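Peer 1: Residue strings, one per chain:
Number of protein chains: 2
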Amino acid sequence: MGKTTDNLVALAHQVSSAPEPREMDMLLATGEQVTIALLSMALHGLGLEARSFTGFQAAIRTDRAHTKARITQITAERVRQSLDAGEIAVVAGFQGFSDEDEITTLGRGGSDLTAVALAAALKADVCEIYTDVEGVYTADPAIVPDAKKLARVSYDEMLEMASLGAKVLQSRSVEFAKKYGVTVHVRSTFKPDSGTLVTKEEQDMEEVVVTGVTHDRSQAKISILRVPDRPGIAAKVFGAIATKNIVVDMIVQNISRDGYTDMSFTLPRGDHTRAVAALEEIARSIGAQGVVHDERVAKVSIVGVGMRSHSGVASRMFATLAGEGINIQMISTSEIAISCVIEDKYAELAVRALHDTFEVGKGANR
Amino acid sequence: MGKTTDNLVALAHQVSSAPEPREMDMLLATGEQVTIALLSMALHGLGLEARSFTGFQAAIRTDRAHTKARITQITAERVRQSLDAGEIAVVAGFQGFSDEDEITTLGRGGSDLTAVALAAALKADVCEIYTDVEGVYTADPAIVPDAKKLARVSYDEMLEMASLGAKVLQSRSVEFAKKYGVTVHVRSTFKPDSGTLVTKEEQDMEEVVVTGVTHDRSQAKISILRVPDRPGIAAKVFGAIATKNIVVDMIVQNISRDGYTDMSFTLPRGDHTRAVAALEEIARSIGAQGVVHDERVAKVSIVGVGMRSHSGVASRMFATLAGEGINIQMISTSEIAISCVIEDKYAELAVRALHDTFEVGKGANR
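Chains L and E supply the protein sequences, listed in that same order.
In this text, residue positions in the first sequence follow our numbering: the first is 9, and each later residue adds one.
In this text, residue positions in the second sequence follow our numbering: the first is 9, and each later residue adds one.
Because the hints were derived from the structure by calculation, they are not lab data.
If you're wondering where the values come from, they're calculated on a predicted model, not measured in any experiment.
Just so you know, even glycine gets a beta-carbon here, dropped at the ideal spot from N, CA and C.
Any given hint could turn out to be false.
[Claimed, not checked] Label pairs and their calculated CB-CB ranges: (1) E:151 to L:12: 39 to 45 Å; (2) E:14 to L:179: 39 to 45 Å; (3) E:159 to L:73: 50 to 56 Å.
The following block holds chain L by itself, in its conformation from the complex (with noise of 0.2 Å):
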């Protein structure tokens, strides 16, 4: 049933261009709809009692923000029951309603969320997520044939590792299961095997000062040139690209020569048009050289609660990919994470040789 959002999306741009996010919402909610019945049919058809629930049943409510609500209160009450009685509680994800009972979806990430937040209503002690991978993994098995499935995972560790370009659960998910608790167990549809579990920090995480690297190929890099180092100037440029509606990820800003400064920021690589467009002409009226745009970069990162408790991480992420030869483009940190914008052709180099240098996955499970 996967193509099934999708092919509604598609029925609603073949008659609005601009479908209204209400019923784009009343539309989507189907999917799910479609998908819990059926499943609660297979289910009776194995001998089992089930029972689907929408997300008004299940008592899911948001707020009214069409096509991306936020979750506001689960009572589950009727899931509850359903529950008690022995049943397989079967809930519609992605959707809720508002306090004016109007169907509502949750947007990217949505069915995961709805997970972690019916386990923290229901006070689960697991919320498991079955999905086409085993786990999460020290870092792409595809590039790097010795990444390892980890054990475990802190809350912090995933929400860096899933913005930095780990693919495996949404931040929004995590960051729930953080604020709440709970303990998500991400293993795969097609193996009975353990996957990791991402769950709060404990001490012994220290230990590690690298849980995973990641990388990021989706990304664009622009830099405005000799932009004139006065107060107000970042805002200009990046209230400019805010109502273009594109989200920014690193921001670098160099120190100040002559009265002038370098900016450099990256972005999606969708956006990049849009927003070098709207830079050029920000530019001009700061009275900016230029701008210059890039779009083979890759964001390589190094993500571990370690980090906090080891020095010296940083100096060694460059020494390694400076003894590949690769040139360092941006940096940025944050408390448990390190990432480097390279020339994407070195992506894969950079992502093995720190995978060698921090002995990732080495030694214990966690």
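With chain L's structure known, arrange chain E on it following the hints.
Peer 2: Same frame as chain L, but now just chain E:
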């Protein structure tokens, strides 16, 4: 979107040989939900204000008989508000919800029924039903070239015509319209012309003897021969059929001779094999001579409220059929209809002859 329900039913049977009715309703309700969302989007696209409502949102309350629920109450508060605000309210047909907040569907003819019930709840002047024909005809125009579209037809006539083979409106919605006095306007989706008003009976309607000639070629005839004529036998025979969930249409029992009688009835052709098997057993147990059946039968009927005040209608019908050399196998009558079962191959001939004899549709559009 016409095939949606069929596709959903096919999906259900792929996962379960006997899908639970509750889950079937969960599944089938999505079909109209998709349609109302898309229709509202299309209306927006034309610059009109529109808003879709599920059965729940329109407050169409039903009993809990899944897949064939009956409407128990419609408050339609939100629909009324939407109309008051000048919007086009687009309501999902065929669906409602039970006191337990379960999604229900209304079964065959459920979409028309929703329309009529909503019109009643909203005290609408008229309920317009757009269909693929231009209205109700005096006979099937494919058989009778000079069949006329009726400008008006009474509820009772429409009910008889619906149950006697006319496929324009389903009996359930006509019954509902009659009960609540809703005027239904059956008209074409493709032409702007006015169609047929289904309305309460008016004095002048009786001036016309026969309003329509209908035929039904979807039935079979079964006879049980030489049934001992004692009390309780009919109950035994039709009890056996009812337990097989077979709905019998016409029933004729001849007068008794020497303590024996013959019983004949018609039923949907698809059910006749099952019915014959059940009846052969019954025939043995009650000492009847045997069971004969015939699938090559047709039922032709004349319908009209004028029959109440005109005499000799039946004999004119029989004479007309005799004049064409058509043998009458079974006869049944109601207050405003007479039906004859004849050999199937004479069906068209009979309809044309009756239409001619009674000058149906001649003079005035009623």
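Peer 1: Starting from the hint 39 to 45 Å, judge whether the C-beta atoms of residue 14 of chain E and residue 179 of chain L obey it.
Peer 2: Hint holds: Cβ distance 41 Å, inside 39 to 45 Å.
Peer 1: Return holds or violated for the Cβ distance of residue 159 of chain E and residue 73 of chain L against the range 50 to 56 Å.
Peer 2: About 51 Å separates the Cβ atoms of residue 159 of chain E and residue 73 of chain L, which means 50 to 56 Å holds.
Peer 1: Given the range 39 to 45 Å, decide if the beta-carbon distance of residue 151 of chain E to residue 12 of chain L lies inside it.
Peer 2: Because 44 Å falls inside the window, the suggested range holds.
Checked against the numbered hints listed earlier, the structure breaks none of them; every hint is satisfied.
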